[in-house]
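Novice: Each chain, written out:
There are 2 protein chains.
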Amino acid sequence: MGTHSFQAPKGTRDFYPADLAVRRHIEAAWRSASVDCGFDEVDGPTFEHLELYTAKSGEGIVNELFSFRRAGGESDYALRPEFTPTVARMIAAHAGSLPIPVKWFAIPSMFRAERPQRGRLREFFQWNIDTVGAEGAPHDLDVIACGILALERLGLTPRDIQVRISHRAAIARMLAALGVPADKTADAMTLLDRRDKLKPEEFAQRAGALGLSADGIARFDIAARATQSLAAPLADLAAKIGISADEFAALDELRAHAARLGILEWCSVDIGIVRGLAYYTGTVFEFHEISGAERALAGGGRYDGLVELFGGPKMPACGLGMGDVVLANALRDRKLLPDDGATLLPRPDVFVISAGGEAAEVELPRLVMVLRRAGLHVRTSSKTTRNVGKLLGDAGKARARQALILGAELADGHVALKDLDSGAQRTIALAEAVAVLRGPLGA
Amino acid sequence: MGTHSFQAPKGTRDFYPADLAVRRHIEAAWRSASVDCGFDEVDGPTFEHLELYTAKSGEGIVNELFSFRRAGGESDYALRPEFTPTVARMIAAHAGSLPIPVKWFAIPSMFRAERPQRGRLREFFQWNIDTVGAEGAPHDLDVIACGILALERLGLTPRDIQVRISHRAAIARMLAALGVPADKTADAMTLLDRRDKLKPEEFAQRAGALGLSADGIARFDIAARATQSLAAPLADLAAKIGISADEFAALDELRAHAARLGILEWCSVDIGIVRGLAYYTGTVFEFHEISGAERALAGGGRYDGLVELFGGPKMPACGLGMGDVVLANALRDRKLLPDDGATLLPRPDVFVISAGGEAAEVELPRLVMVLRRAGLHVRTSSKTTRNVGKLLGDAGKARARQALILGAELADGHVALKDLDSGAQRTIALAEAVAVLRGPLGA
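Protein chains in written order, with this note's numbering: chain V, 1 to 443; chain E, 1001 to 1443.
Please keep in mind that the hints were generated in silico from the structure rather than gathered at the bench. Hints are supplied without guarantee of correctness; some may be wrong.
[Stated by the list, open to error] With beta-carbon atoms standing in for the labels, derived distance ranges: (1) E/Glu1059 / V/Gly393: 41 to 51 angstroms; (2) E/Val1362 / V/Gly211: 42 to 52 angstroms; (3) V/Asn63 / E/Ala1182: 54 to 64 angstroms; (4) E/Lys1197 / V/Lys397: 42 to 52 angstroms.
[As the list claims (entries may be wrong)] Covered, in the sense of this in silico footprint (three residues per stretch, anywhere, with C-beta under 8 angstroms from a C-beta of chain V), are these stretches of chain E: (5) 1035-1048; (6) 1256-1267; (7) 1370-1377.
We put the beta carbon where it would ideally sit given N, CA and C, even for glycine.
Okay, chain V solo, but in the shape it has when bound:
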């Protein structure tokens, strides 16, 4: 066996207790935001028929997947690279009997057979929320607001993260107003998408190929970099680009509803947000760190054709995906993950100590199990020492809230209870240990 077998496969992670506490902390925020916003949790297989992914994304995706076949089997499978095809398949199978809109969330593991990079691993976790069967700005913003709620619960603010929003219909009307012919709309959107990757002269040359005049190219260039807070009137943005504010009607609808929800300061309009052209059909958005230096924390939008693609009826849909890796980096950079997870571990309610003696040795395991059966988080030491001071030190290292010490008082049915935060110690009846520890003065 090679020594590499002693390590996790490249691009995957071992989650030791403190590492997992960080992941659980993030997942708890995702889950509570989802539930509070009325989404129901679902899950699907970790691997699917390979065709489920090629149907949506074409054969080109195969090289980005971990795919396999069972020995002697006939089907090709792939580890899921995204969760939306599973959602669409599950909805298509039961479209007639699900309450509309279907509001689902999931926190599955995902897999990509690419070279690992900062913010991009071969196995990661992704929060997915989807609203299927409803259309309009309120439903798009229901998804976005849920994403914002989770970030708020993790301690992030609009000074840390902005949701950059665009809308296919608004962009199409803007492009027409700038003079882009209808058959060049898709090319123009591709160019918007690539704005940050092209040199200015290259960008101008490609804009010219869209059939734009010199003036049109200049305005298209302004538009491609145009971004402003959703709190500001869209007429300002339209004026900067030199088009009528009417062209941004779809964005204005999002703006009006975001104002009602009280999330305007979290949102920006960003004409350069394009995302998958063959896939998204209306609102598109990405969650970015304010610096813009990192990968997007989340992305999503409206995709009205997806359920139909997997054999279901035509159903409008809007969704969001947010991975754990970039988010955890953002939290860590802002010191929102104290001690890299150690203090996120659940604190023991009580640490039970034997001060020695036959009675204590016999009583300790009994008491520990009674307390655990009562729903208390109980730890004890497996050391042979009966030095109470040393064992209290271990209790403190375990971050226990209290210590129960079985000592000489056990002879008349009493034990010592020490509050490890305040240091206060008192004697209680052994028979009342559960009641005291579960009561308002206890755990």
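Fit chain E to the given chain V structure using the hints.
Specialist: Same frame as chain V, but now just chain E:
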């Protein structure tokens, strides 16, 4: 795309909301029992180097695994069929810096490329708890008691489930006392393991091949089927087999400690529990339905050689694995999963209804977001009807605890709050909605 692509792969599951609520219910019992018993949660990669599994189980395991290689890659990977090799690898990598004993739990998904059967799927979830670095009956029973605690929290009792326990050292001494030569001990254990699969005459013939006399064969046959409550004295069992009770010293130690923990009635001695011969080194156990008709719910024991196998120091270890499939069947058979999960879904704290009118339509989305930001589970309707009776019906179907109705009273800043369990309705100030709903009389 073939129509089979619209289905989950054979042997895997789609978890619709009520299905996932059942899984989460089981996982919550596993997790709370683990935490209360002082285990820390860990996780590892969903796939590992294939060699991690062949190192432990030999090349023969390859046909039972989903294995694959990245396009252009050089490593063979396999979806994890069990979690223990990952635990051993992770401990071996940091053996010097982990607190001893290492007490870890995990709830990973597992994969087996076998033909699916009742209680055995290609993807399932398994609870793992492991205590590494400590030996002795108290540590073995720490693991067993944690398993029992989880079952208790799911509503199961010793009348439903028994933990069948054996011990390698006790069995070896029993076999010697019956006249099995030392070099035939492993063969004899293999025969014990197969007791239910062989016809009586075949069993007797193989027992003879162990070198046993006619009397020895008869007593071995009794031993192979011997089982009794751990609450009964082991001398009874020894007498039945015709050996000295001293041979069962290792089992008696388990019995004494189980008595202290108060779990005797959950446990039986079962000489026929063998499990992997090359793997387990002391205590072995299986959790079974009382009828014995189903597969084991859980299994485990002491395996002192494992960490060393993966490059770490020699460390004693004991662990348990419990899958979700057989357990869910046991709960379902006993009506311990009401409504197949629907009533396990989280109940909305409040369902917000607009009775119509411009003010209510504007106020509703604002209020919904305010309540969600306050940590309340809030649902609303996306229907166009403003018939309050119909919408209250939807609130009831959603199992909401209360309904907030935005109606005419909104003009002077009031809303109606209806308790959907009692039917009681009152008028409250809109400004106090959060305080009322979060207070002791609210959610």
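Novice: Looking at the structure, which of the earlier hints fail to hold?
Specialist: Of the numbered hints given earlier, the structure breaks none, since each of them holds.
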